[in-house]
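K.L.:
Let the sequences and hints guide you as you build the complete structure.
There are 2 protein chains.
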Amino acid sequence: MDRTVNYGYSGGVARPREFDEEAVLDIAGEQFWTKGYAGTSMDAIAGATGLGKGSLYGAFGGKHQLFLQIFDAYCARITDAVAKGLIGPDDGAYARLCAHIRAAAGEIAADTRHHGCFLAKGAAELSERDPDVTVRSRRALERIAAVLAEDIRAAQRHGDLDRGADADQLATLVLAVLRGIEALGKAGMDAGRLESVAETAISLLPRAGKASETDSAGR
Amino acid sequence: MDRTVNYGYSGGVARPREFDEEAVLDIAGEQFWTKGYAGTSMDAIAGATGLGKGSLYGAFGGKHQLFLQIFDAYCARITDAVAKGLIGPDDGAYARLCAHIRAAAGEIAADTRHHGCFLAKGAAELSERDPDVTVRSRRALERIAAVLAEDIRAAQRHGDLDRGADADQLATLVLAVLRGIEALGKAGMDAGRLESVAETAISLLPRAGKASETDSAGR
DNA sequence: ACAGTTATGGACGGAACAGTCCATAATGGA
DNA sequence: TCCATTATGGACTGTTCCGTCCATAACTGT
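Residue numbers (the working numbering), protein chains in the order written: chain D, 621 to 839; chain S, 621 to 839.
If you are wondering where the hints come from, they were derived from the structure by calculation, not from laboratory data. There's no promise every hint is true.
Claimed, not checked - Going by beta-carbon spacing under 8 Å, a handful of chain D positions derived as facing chain S: (1) 654; (2) 658; (3) 659; (4) 743; (5) 789; (6) 811; (7) 813.
If you're wondering where the values come from, they're calculated on a predicted model, not measured in any experiment. Backbone N, C-alpha and C define an ideal beta-carbon position, used for all residues, glycine too.
P.N.:
Listed below in structure tokens is the structure:
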């Protein structure tokens with residue numbers, strides 16, 4: 621990550637950075653997020669950040685590397701946020717799951733700019749042709765699915781969700797619903813309907829005790 | 621759509637087109653689909669189609685109009701295909717719904733290139749900043765949701781799905797699941813898991829006769 | 001004060017961009 | 001055989017693209 625070398629002894633000390641790397645990444649990320657990878661020029665980033673192109677290339681290497689660094693940070697942030705919201709005692713696992721689904725839908729519904737999720741947008745634009753993006757987006761989604769599955773297992777242990785359901789499959793379905801709400805929001809669907817999707821999904825989760833259709837699930 | 625003028629009488633007749641408009645739109649669409657709007661140049665389209673830029677601009681007006689025309693055609697094709705697959709007698713409505721969900725997931729799972737859905741990709745890239753794209757993608761999804769809802773109502777009438785469920789909400793949820801599977805596929809998730817998402821979703825549909833959780837649905 | 005190191009920012013190069021222009025070609029009616 | 005009209009395709013314009021280069025600046029251990 622650090623591009624400085626300075627092996628062994630050296631008579632001098634380098635000039636320090638004058639810009640805040642985090643702030644620059646934020647601004648550059650906002651550009652990529654809004655205009656996409658191909659739609660964002662390094663000149664635009666230089667202009668928006670106030671950096672000269674020499675500094676930009678010196679610090680981040682190039683457009684692709686800069687994008688990947690931002691994409692990585694976003695993926696890490698989003699997976700951490702999900703984990704923070706879902707990990708906890710078995711006791712509140714089901715409530716946390718519902719709250720997470722509602723919160724995700726609510727955020728998307730409130731996003732009147734249709735700014736959406738950077739992970740989704742980056743994957744949609746680049747995943748097909750850029751393996752670096754594919755592996756990162758895939759890994760992020762796998763992590764989120766794993767956290768969802770763990771929470772679902774907790775809810776099963778506590779007796780809130782049907783113990784007969786396959787937690788991994790259910791988690792992947794919940795993740796699909798969340799990504800689907802995102803896609804619908806991106807396409808301009810009303811906020812109310814997005815939130816009702818979340819409620820409908822929650823209402824169809826296989827609650828423990830009640831008869832559920834999981835008997836016919838395994839194909 | 622037709623750019624020719626020729627008001628009233630005119631002494632001559634114009635030179636006819638030498639290219640197949642449909643074929644050109646297909647090729648240009650493939651470029652947009654693969655490389656995105658910003659990532660595709662009119663020169664690349666001219667090169668791929670063999671057309672000169674004069675013909676290209678003369679026939680389609682410009683990059684944005686060309687894209688919209690292709691996008692429109694894709695939306696129409698996809699909505700028609702869904703309608704064709706879902707509209708029918710109440711008798712097979714439930715089976716058609718399941719088959720549609722399975723087929724959609726199967727197609728995405730089989731799409732090893734992660735080429736995905738042009739509607740989703742176009743909306744992801746442009747919807748935020750291009751109202752023309754927003755309205756088109758939104759309208760297409762609304763139509764698909766309406767067809768799904770109609771099929772669900774048919775299945776309810778026939779007694780395959782719970783009559784107490786709100787068909788519109790259920791349809792939007794199914795649509796979200798479908799778009800979510802698309803997003804997961806785009807991000808590189810295994811084919812097997814995508815198909816299991818479809819099965820899990822089908823298994824959780826509120827079947828008639830069995831107790832379902834819709835009582836707690838309305839928040 | 002000097003030396004050795006990295007940061008800065010704007011100029012620069014070559015390629016690619018969207019879109020225009022125009023000489024030329026093709027057509028059927030008059 | 002002209003004529004009016006549209007199609008063609010490549011040259012062209014002015015801009016923007018990514019990335020490099022480099023003179024200069026800032027810094028600290030000596």
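K.L.:
Identify every previously stated hint that the structure contradicts and give their numbers, smallest first.
P.N.:
Structure breaks hint 6 only.
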